[in-house]
Amino acid sequence: MPAITVDNLTKSFGQTLALDDLSFRVKEGEVFGFLGPNGAGKSTTINIVLDFARPTDGSVSVLGMDAQRNSRDIRQRTGVLPEGVKTYDRLTARQHLEFAINSKNANDEPEALLERVGLEDAIDRKAGGFSKGMSQRLMLAMALVGKPDLLILDEPSTGLDPNGAREMRDLVREENERGATVFFSSHIMEQVEEVCDRVGILRDGEMVAVDSVEGLRDSVSGGTSLRVTVDRIDDAALQAVRSLQDVTRATVKGEDPPTIVASVNGSKTAVLSTLEDHGIEIQDFQTTESSLEDVFRSYTTGTRPEVHAQ
Amino acid sequence: MSTETDAVSEPTDSGSTSSRIHLGSILTVAKKDFQDAVRSWLFWGLSVLFFLLLVGIAGALSYFGEDIAAQGATTDALVFLVSQVTKWIVPLIALILGWKSIAGERESGSVKILLSLPHSRKDVVIGKLLGRSAVLSVSLTVGFVLAAALVAAFLGGFDIVDYGGLLVMSMTYGMAYTSIAVSLSSLTRSTTIAGAAMFCVFLLFYVVWNSLGVIFRLLGEREFLFFDTVTYTQEFQGQEMMAERRQDWTYFITNLDPGQAYNRGLTFLTDVDLLEQGSTTSAQMFGGELPIYLNDWFSFMILLFWIVVPLGIGLYRFDRVDI
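So the sequence lines, in the order shown, correspond to chains A and B. Per UniProt numbering, the very first residue in the first sequence carries number 1; after that it's consecutive. Per UniProt numbering, the very first residue in the second sequence carries number 1; after that it's consecutive.
Worth flagging that the hints you see were computed from the coordinates, not collected in a lab. One thing to keep in mind: the hints can contain errors.
Unchecked claim - Calculated pairs, BS3-like style, for lysine-lysine (alpha carbon to alpha carbon, straight line, at most 30 angstroms):
id, chain 1, residue 1, chain 2, residue 2
1, A, K132, B, K31
2, B, K31, A, K147
3, B, K100, A, K126
4, A, K132, B, K100
5, B, K31, A, K126
Can you make the complete structure from the sequences, with help from the hints?
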């Protein structure tokens, strides 16, 4: 049973179409990255999943239950970190957590939860004096209340410094290892890269790609790019490199010294040994993986033909 | 999953399981809301205000009111004078307390914290009403209790039933206005619009409704449409006299004002003569028996109406909108 099933979901606000026939599934036990630029419809989707907004058409089911009819039961088993939300100024961190614990009839300890998000020192301080990052940590702690089966984190890195963002990713991993499914939205690719099993990219209310991080990388650039700096190059050697099975493309850049740029899917050493066989001296080489940021950009900007979700 | 038996039973839109009311949730939301408000200066400011109001009027009575004290009617005078003030300020306070209750949380987004947790939207509206009413009720109680000793000292003892009646009536009256405020607040995402709505409510009951009696009277004298006056006989100093009054139903309309209901409810709960003298209607006007809606006890129905009807509208609407 999928943790989240979105079927032909359409949502319009007046004349504006926010979601257009969106369908995807989040498998039980996976970390799913929900990516897209601001305004792509991520928050609208999450709002419908949590019954904050009602769909114009289509349906959503969460943990096997209808998102509209059984929202309370769903939210009982879900931990949510909402986006762009202010905590209650006059309540302390402890009171926030007690509220969440009472609401879910859970038996967590506020101290233990705050320790997990690194906020234990602020337990009896009022949230009104918190920085954005502290508020975000507090809400993350609230999301962990009651060991939820599903965690929905909407732009969880907002307001966190790089260190905080890393701790947040560690928490996501811990929760996932405990058995929770994590649904994680972001407009920054590199944040989801490290923790997500699969990534879905949303653009203008439509899912333009759903795949593993590796799969997305391959779909865009054809794999790793290898740059070899050599003392000289000749046509025979270049042809030999191009004819290798794993090489999809090879070009020469620069002259003194020349650099061979090759897209390689498999063995990189084959390229190096072929060059050496032709008596070419290798001065330096490096491999670069196409960054996910490139992948993201190629899916969400320009007029690249759409790759439809599975 | 096997425990979710009620999950399949209700296919209809309005009666879905997730929109049901859950007492535990209501109380949790109310408690959170109360904690959130009780820490603000507003709560203590209100307690002090009620305290000063009672002590101030009691002090003035003991200083200037020797005649009243001689008649043993000091608590009467206190309840009467205080109620004339609270009649005006309790609605104002309730509207201010309830103004942002839901619109404010929608504007800042924190309503998503409430609704991410397993509460229905109805739980949130009812919880908010209880939480905000509690703020007013508790600050009234704190003010009344703290003032009691001083009032007793000033007046040389007081009638606990009248004093308690004033407190209970003020809490009920406050709850009616809180219900109006919270419901209006649930209808919009903008605190500006919510604020404007509060102002309109204030105008409606303070200005418009208060002048309705006069307007109906004037229309009646001009025999305008169905406002024509009714003639009745009245005994005055042993003589029968003819007099005119408004149509029955216009009394019903003017009595719907929560402020009127507050006065009449006080008349019912306390035995303050001053309040009864202020009444403009008598059984004689209606041929010996008051219509049911002019009985003092009926004012509780009116206040109940002002608690239940706005709440019902808020519950219905808030359940159906996008947050």
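Tested hints:
1. K132(A) / K31(B): Given pair K132(A), K31(B) holds - Cα atoms ~25 angstroms apart, limit 30 angstroms.
2. K31(B) / K147(A): Judged against 30 angstroms, a Cα distance of about 24 angstroms means the pair holds.
3. K100(B) / K126(A): At roughly 20 angstroms apart (the allowed maximum being 30 angstroms), K126(A) and K100(B) satisfy the hint.
4. K132(A) / K100(B): 23 angstroms, holds
5. K31(B) / K126(A): 17 angstroms, holds
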